[in-house]
Amino acid sequence: MTTKVTIGPVTRVEGHGKVTIQINEKGEVEQSRLHIVEFRGFERFVQGRPYWEAPVLVQRLCGICPVSHHLAAAKAMDVVVGAGTGEGLTPVAEKMRRLMHYGQIFQSHTLHFFHLASPDLLFGYDADPAKRNVIGVALEYPELARHAVLMRKWGQEVIAATAGKKIHGTGAVPGGVNKNLQPEERDALLAGPDSMNADTMVEWALSAVAFFKDYYRAHREFIDNFSHFPSNHLSLVRKDGALDLYHGVIRAIDPEGKRIIDDVDYQDYLLYIREEVRSWSYMKFPFIKTLGPERGWYRVGPLARLNTVDFIPSPLAQKEFEEYKAATGRVNDRCMHTHWARLIEALHAAEMIRSLLRDPGLQGTNLCVAGPREKRGVGVIEAPRGTLFHEYEVSDSDQITMCNLIVSTTNNNEPMNRAVNFVARAMMTGKQKITEPMMNAVEVAIRAYDPCLSCATHAAGRMPLEITMVGPKGDLIDRREID
Amino acid sequence: MKILVLGYGNPGRADDALGPLLIEELERRRAALVGTAPAVRGGGAQAAHYAATSGATQTASPAVAPAVDLAWSYELAADHAYDLSRHDLTIFVDAARRQAQAVRLRSIRPSRSVTFSTHAMTPASVLALARELYRAKSEVHLLTIRGYRWGLREGLSPGAAANLAAAVKLVEGILAAGETLSD
Chain L
1 MTTKVTIGPV
11 TRVEGHGKVT
21 IQINEKGEVE
31 QSRLHIVEFR
41 GFERFVQGRP
51 YWEAPVLVQR
61 LCGICPVSHH
71 LAAAKAMDVV
81 VGAGTGEGLT
91 PVAEKMRRLM
101 HYGQIFQSHT
111 LHFFHLASPD
121 LLFGYDADPA
131 KRNVIGVALE
141 YPELARHAVL
151 MRKWGQEVIA
161 ATAGKKIHGT
171 GAVPGGVNKN
181 LQPEERDALL
191 AGPDSMNADT
201 MVEWALSAVA
211 FFKDYYRAHR
221 EFIDNFSHFP
231 SNHLSLVRKD
241 GALDLYHGVI
251 RAIDPEGKRI
261 IDDVDYQDYL
271 LYIREEVRSW
281 SYMKFPFIKT
291 LGPERGWYRV
301 GPLARLNTVD
311 FIPSPLAQKE
321 FEEYKAATGR
331 VNDRCMHTHW
341 ARLIEALHAA
351 EMIRSLLRDP
361 GLQGTNLCVA
371 GPREKRGVGV
381 IEAPRGTLFH
391 EYEVSDSDQI
401 TMCNLIVSTT
411 NNNEPMNRAV
421 NFVARAMMTG
431 KQKITEPMMN
441 AVEVAIRAYD
451 PCLSCATHAA
461 GRMPLEITMV
471 GPKGDLIDRR
481 EID
Chain W
1001 MKILVLGYGN
1011 PGRADDALGP
1021 LLIEELERRR
1031 AALVGTAPAV
1041 RGGGAQAAHY
1051 AATSGATQTA
1061 SPAVAPAVDL
1071 AWSYELAADH
1081 AYDLSRHDLT
1091 IFVDAARRQA
1101 QAVRLRSIRP
1111 SRSVTFSTHA
1121 MTPASVLALA
1131 RELYRAKSEV
1141 HLLTIRGYRW
1151 GLREGLSPGA
1161 AANLAAAVKL
1171 VEGILAAGET
1181 LSD
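Protein chains in written order, with this note's numbering: chain L, 1 to 483; chain W, 1001 to 1183.
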């Protein structure tokens, strides 16, 4: 007998997801699958639109990290307008975009840790859901909660100052930016109200890393062993091997740390990466071409980035990176360490924002460049959740004729499926009932990747949690729904 | 009295844009009042579509005083608790799939339960967070506007556009009164 268990949508993850776990006649987990709604509709949505609209339009992909799509599209269109790849922009344009991106990384990482990760860590994934949530954190750890709220808010203010507004910004345009940073905007970020200033944000980001390290010392067994499996890892890195979340070359390593994509230009990403379609999921499965789909899948995101890079180019984050590497080894494949890596990146983002705010180059006025038109452009960026690919083709009449997106969550599709399988086998084998802690364990494994499953419509009352158990003949065994 | 009107929804998902579009309409009316160019924030083709279907975008509105804070977001998150705590009255504006009325206004009480959704929070959980973290005494209401289409597309359905016009009138009335609301 095979029993099918369905959990969906996955809670506290952007958009909709559904988990199906098949249990065989011996009561063992035979197979686990994470079904996800994908963005294909959006790729068609932008076809026919003028190329200069893309950086604004694509922000509708995601309510949490629209800036990543904004900048990836702008980078692709830089190529189309002849401004080159990355290095071709004016200094003020590149600095403004970096400042915008670090603001995005900072607010997104902070929100994830506080809202999604900390309830599981502070209360345990088997704790009562009524307590294990963001309100519970505010009740028992108010100082942490107040810091997190202001960190997120400050990151949003950085975005507003660079993109023109917090939502649907227009700051990045093909070939550069449409504004610089005014002195009053700079001063508001360096010394804002209610501790919202750059020095305090660096200090609080450092405290967040310390918080995780304390937790790790007390719960090492759980953090190390909750879900871990070997994989390849992929990200952009700066040409000298530094962590660079805005621009770089593609590097991938195997589970032993050997380079399998060696610092290549992302305009040529199709030479190295392919996507596989599977009948049971709307989301594709990317893989490294030379290794094939079975061995070529890879992780992206904070854990992957701290595996691929050689160092972090900001002093406090570099110090934390060295401690992290000493504790975790050359290649880290432990899912829950993603939270640690994410907080180190948040610290790096805060340091970079502070450094950029002090740079008078941000008040420069040479905002845009252009050159000979190209028909195709690729923009790649390290979004909070991982590597994000945007590719466009543009006609002579300036219309977008083709768009291909590989979003971070698509890159992490196979790893998330493996993580679900790992946890399901550990917790559900031999069990007859799906308990709340089992459900949440599956979700904790998925949430470590902070997936953005699509920014689905969220009109009131549309996101129930449904759990369905189906027998071998499709007969319903059990169903739970929480609205 | 400090008032915040905060719409939320995805402008790329048809009628889910009702919250953001209400804010944009109020911004346009305020801009028309003070004689500045209409401030269409992030509206693009969708705002143009609404302008064409509602015919209400050039109306100056004394009710939308500069002191009223207007904002929109894709979804509510923890940092909105901070914003809420700095206002005496907050009106959240969202699209609704299941309600009989075109427009419905109700008061919100704090709730510690979080929905099974995403990073997003409900108005009730944002209020609960504001109470816990900032001892906020804000009065909070939720205005829901009936929508009908939710797919990946720009532009409101005709029914939603009509409902939005009714919602704008209702909010203007509240702002003109400048007082707290009762259930």
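You may find that some hints are simply not true.
Pairs of lysine-lysine residues, derived as DSS-like cross-links and limited to a Cα-Cα distance of at most 27 Å, are as follows [claimed, not checked]:
hint: 1; chain 1: L; residue 1: 239; chain 2: L; residue 2: 319
hint: 2; chain 1: L; residue 1: 284; chain 2: L; residue 2: 95
hint: 3; chain 1: L; residue 1: 131; chain 2: L; residue 2: 319
hint: 4; chain 1: W; residue 1: 1137; chain 2: L; residue 2: 131
hint: 5; chain 1: L; residue 1: 95; chain 2: L; residue 2: 131
hint: 6; chain 1: W; residue 1: 1002; chain 2: L; residue 2: 289
In short, the hints are calculated from the structure, not lab data.
Taking the hints in turn, this is what the structure says about them:
no.	hint	result
1	239(L) to 319(L)	21 Å, holds
2	284(L) to 95(L)	34 Å, violated
3	131(L) to 319(L)	35 Å, violated
4	1137(W) to 131(L)	23 Å, holds
5	95(L) to 131(L)	42 Å, violated
6	1002(W) to 289(L)	58 Å, violated
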